[in-house]
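Residue numbers (our numbering), protein chains in the order written: chain V, 1 to 126; chain R, 1 to 110.
The set of hints was computed from the structure by calculation and includes no laboratory data. From a predicted model like this one, the values you see are computed outputs, not experimental measurements. Yeah, the Cβ is synthetic: ideal placement off N, Cα and C, and Gly gets one too. Possibly wrong hints are sitting among the right ones.
If you anchor each label on the Cβ, the simulated ranges turn out as follows [what the hints assert, rightly or not]:
id: 1; chain 1: V; residue 1: Phe108; chain 2: R; residue 2: Lys106; range: 27 to 37 Å
id: 2; chain 1: R; residue 1: Glu83; chain 2: V; residue 2: Gly15; range: 39 to 49 Å
id: 3; chain 1: R; residue 1: Leu110; chain 2: V; residue 2: Leu121; range: 31 to 41 Å
id: 4; chain 1: R; residue 1: Gln16; chain 2: V; residue 2: Gly57; range: 41 to 51 Å
Covered stretches of chain R, as calculated for chain V (at least 3 residues, CB under 8 Å) [stated by the list, open to error]:
id: 5; stretch: 45 to 51
id: 6; stretch: 89 to 97
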Amino acid sequence: EVQLVESGGGLVKPGRSLRLSCTASGFSFGDYAMNWFRQAPGKGPEWLSFIRSNGHGGTTEYAASVKGRFTISRDDSKNNVYLQMNSLKTEDTAVYYCARLIMVQGVFRTWFFDPWGQGTLVTVSS
Amino acid sequence: QSALTQPRSVSGSPGQSVTISCTGTSNDVGVYKYVSWYQQHPGKAPKLIIYDVTKRPSGVPGRFSGSKSGNTASLTISGLQAEDEAYYYCASYAGSYTSVFGGGTKLTVL
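Based on the provided sequences and hints, a complete structural model is requested.
Given below as structure tokens:
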């Protein structure tokens, strides 16, 4: 079964740091790009960050809202993708999800996220 | 990027059809064929139901269909069932390996 499990969330004070982990199973993790999202209460998912497979250069991208504060990385030997979050703000409070990005189906290019993990709650509060 | 625009809520009776719109811009929905839709039940992770505007993953009922015209994509659910009550989100590729999502639509099955 293809599965993603996030961990590392919790309560943290403004200005502090937190590192989230996402562990993959059931597929060849190193072949896929991975993404992080967050979802604040009552809101839609917000795309945060992208990391391509190391075979395609490990390219990273970030949403403007987190660029310079958040860093995505991956460890293919552990089937993990990480999100290092620094200088946290109260508005970063949300459920954080990781998801696998599908960019190719057969010989055709595509772009969608499947599956998603169950999410981990990050609360930034003094 | 700005979020895609969806109606806050839609409703329908069992057996009826509903359509949820998703309006973007010429920088995302209007220019790319990579629009996807996700269903989310409360407390659960989003689940892919439509990708590449019109395609359904295996296991997703044929009652779910997608379309696009210009900067607006649409999700239609026909033959509504009670288990379809959920939040629905659209998403689009927005260039340079970035993505943008809609604010979500709550579907109520009356």
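Index of numbered hints that the structure contradicts, given in increasing order: none
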